[in-house]
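Chemist: Dock chain B against chain A, hints included.
There are 2 protein chains.
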Amino acid sequence: MPDTDARITAVDTYDIRFPTSRELAGSDAMNPDPDYSAAYVVLRTDEAQGADGHGFAFTIGRGNEVQVAAIHALGHHVVGRSVAALCADPGALYRDLTGDSQLRWLGPEKGVLHMAVGAVVNAVWDLAARRAGKPLWKLLADAEPEWLVRQADLRYLTDALTPQRALELLRRGRDGADGRAARLLATGFPAYTTSPGWLGYDDDKLTRLAREAVADGFTQIKLKVGADLADDIRRCRAARAAIGPGVKLAIDANQRWEVAEAVRWTRALAEFGPYWIEEPTSPDDILGHAAIRRAVAPVKVATGEHAANRVVFKQLLQAGAVDVVQLDAARVGGVNENLAILLLAAEFGVPVCPHAGGVGLCELVQHLAMFDYVALAGTTEDRAIEYVDHLHDHFLDPVVIRAGRYAAPTAPGFSAALRPESVARYTYPGGTFWAADLDPTGGRTA
Amino acid sequence: MPDTDARITAVDTYDIRFPTSRELAGSDAMNPDPDYSAAYVVLRTDEAQGADGHGFAFTIGRGNEVQVAAIHALGHHVVGRSVAALCADPGALYRDLTGDSQLRWLGPEKGVLHMAVGAVVNAVWDLAARRAGKPLWKLLADAEPEWLVRQADLRYLTDALTPQRALELLRRGRDGADGRAARLLATGFPAYTTSPGWLGYDDDKLTRLAREAVADGFTQIKLKVGADLADDIRRCRAARAAIGPGVKLAIDANQRWEVAEAVRWTRALAEFGPYWIEEPTSPDDILGHAAIRRAVAPVKVATGEHAANRVVFKQLLQAGAVDVVQLDAARVGGVNENLAILLLAAEFGVPVCPHAGGVGLCELVQHLAMFDYVALAGTTEDRAIEYVDHLHDHFLDPVVIRAGRYAAPTAPGFSAALRPESVARYTYPGGTFWAADLDPTGGRTA
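Each protein sequence line maps, in turn, to chains A and B. Read in order, the letters of the first sequence are residues 1 to 446 in the numbering used here. Read in order, the letters of the second sequence are residues 447 to 892 in the numbering used here.
The shape of chain A in the complex, shown without the other chains (with noise of 0.2 Å):
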């Protein structure tokens, strides 16, 4: 039985970096050596065999330390809260984070600083959900609508959303919502995959693992593209003719273009039948995502991992530049700003298909997906839920793919605690892999 007087007691951070540049995956033309790493934050509490909360922001590698220092800043706000009230209401966290006056003056609401917010505030909702004895997901799809609205950051939407429209929205999302959550747990939600199309990859092993992706059930693969068009010509024309026409490709430009680039390169591998350009040019233009959605129908424009909050999001809607939109779980303030993202997709009509990869990104993002398809989109047509198949091992409820689907996860919590035994080997610079990589004797013993 939870204890009511329960407190958080601290807000634990770890930089957790693993060596993924070594062997080129997750290599794009805008990212050619990622070490990925977690700011990795524990909410402790006093309570007696209770729960931690776990969440993190995702990095890259070099910087993570940054973004530590970032969540350290801050833990003030939540150590001493009850636990009982923090997660009754992980939203009047949330406002206090993101009102931090001094502290929003890094953002506003976007970067470091709002990539922090987004580890503490999912560590709480991880926390909720443990203490509900529910994945995340079920949590979100049994709550009332009056209650998600409330966790729903609205502010600076109501130009495209008003509160009364957003809880129409999830009244809707509620009808026929335990047939859909019984059809989830039997079959799962739909997966595209990465992990063939990385551009550090030569042709063999992009046509082996093309092959792979469908055979193992993947219905869309995804390549990065951007660094040179005649390798794109030929390492599309290569994936393709390993999937056949069948199967979907996107193609991922990872914000490498300009505008007039982007539709120029898109038109030159229209031949190849991608079915989305992703990340064209900066994150940031949302008029130029207009212009080249408008300039490469029928290929549709994909975007929103870079997006940096909600505000974005509502103006790619706002201004019909994309055909999907790619929320990201630990890029925004966390789930009380990706239901609101997920509220304007509803609002708009236009499909969620969640960024994932990197560290536990598939792990968090999965919950997301299966809410908004349980009880708020209602269907799971055009969407899919990106996959890539590395680092799942040092998480302690992995992310499980059958037959091209992501299964839907049953433990309590949102997914994002990671194995003691990979935070032990994988802290920077002190865990025992860096230790050793780092250290000028080569590990030798004197």
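FYI, nobody ran anything at the bench for these hints, they're computed from the structure. Note that CB positions come from ideal geometry on N, CA and C, so glycine has one too. There may be inaccurate statements among the hints.
Derived CB-CB ranges, DEER-like [unchecked claim]:
#1 GLY876/B <-> ASP439/A: 29 to 39 Å
#2 ALA714/B <-> GLU146/A: 25 to 35 Å
#3 ASP835/B <-> GLU144/A: 48 to 58 Å
#4 ASP33/A <-> ASP588/B: 35 to 45 Å
#5 LEU884/B <-> GLY99/A: 18 to 28 Å
#6 LYS248/A <-> ASP479/B: 47 to 57 Å
#7 ALA714/B <-> LEU185/A: 47 to 57 Å
Modeler: Just chain B now, with coordinates in the frame of chain A:
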């Protein structure tokens, strides 16, 4: 004679905080109690009797340590570089800093990491101007247009401004530049003052300071609004009565409103003839600003101090969302990005009235506005630099205001260097002021 072999030997960082919250100077509808702070950086060299390079990011208190950590994370790009090469081409370092793919993830190009880039890049420009023996505005005004175009960051802007067009604007700006430089040195650049209008001031203080501003020669003042409409009506009435009909009255909501609320509130204050409404809503809401501007004309719309980067400014101009571009010297990636923003404003024919105040923002931004006047826009019409009369004494080369105008700085550099005694006193938490203030014994000896 400069040492052509000199290198950068250190990137020293300082967490400087001034206890401004104790006086309510700087209070507005979103920022009730700022402690104006600087994440201050000094580039050291091994040049005998050589100058250091000074720069900073401005914050308002808590989190300044995160900003310092971000500057520290950039240091490895700078240490060991040739001082002569760095000063001959600051853009090369700018591209290395913004192109560090791992650090870029933390923005991209926004928030804490991007402000850190700005601090370091501005320190390089300070160093370059000191070595050239010129104030920065003059170094820029004397530079070849071809070189300036290469320094300006035009990435993601070419749908609005090509390098060729930027070159034309800079060449056009040179016509008559010598005469304008002479006039600038003789008569300075127009200023407006925010000092009377802080939200924490009572009506008597507001009225007294507004009258003093007019007596001091200012032709525009600014009032903070947005917390309470009845208060704002009373305060605007008092301010208009104090300054008379011929002085401009700007109002500033500091992002307080939803789009529809901004329209209603601004219209409710229209009888007092506001010149512009500043930051009516989220600084990320380009389309929102455009809607507000259409609805509140002839009141102008001004924004920019929290615009994350040049891509946001591009869209504000493309969307017809602003009448006044309020660039900030320390929010974006330094001089290289601000050159692009000045060029965009010139291309769209929109005046630049820089944001200032805080710590040292007046000192920095005067150089950009004066370059714009002398060698780009070519006019001071509809242009004024914000002025706030606090914290200047902490700078070695503080701004000088005469008859409501900024006197052109003549000392070499970017006016960014703090007095050593101010650094010693206000370094947080170890400086003499904070050590005594934070001492639980109240500074009494045991």
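Chemist: Is 47 to 57 Å right for how far apart the beta carbons of ALA714/B and LEU185/A are?
Modeler: holds, 54 Å
Chemist: Note whether the CB distance of ASP835/B and GLU144/A lies within 48 to 58 Å or breaks it.
Modeler: holds, 53 Å
Chemist: Taking 25 to 35 Å as the stated bounds, is the beta-carbon spacing between ALA714/B and GLU146/A within them?
Modeler: Once the Cβ atoms are compared, 32 Å apart, the range 25 to 35 Å for GLU146/A and ALA714/B holds.
Chemist: Please check whether ASP33/A and ASP588/B have a Cβ separation lying inside 35 to 45 Å.
Modeler: At 40 Å between Cβs, range holds.
Chemist: Looking only at beta-carbon atoms, does the pair LYS248/A, ASP479/B fall within the given range of 47 to 57 Å?
Modeler: Hint holds: Cβ distance 53 Å, inside 47 to 57 Å.
Chemist: Could you tell me whether the CB distance from LEU884/B to GLY99/A stays inside 18 to 28 Å?
Modeler: holds, 25 Å
Chemist: In this structure, is the beta-carbon distance linking GLY876/B and ASP439/A contained in 29 to 39 Å?
Modeler: holds, 32 Å
Hint compliance for this structure: no hint is broken.
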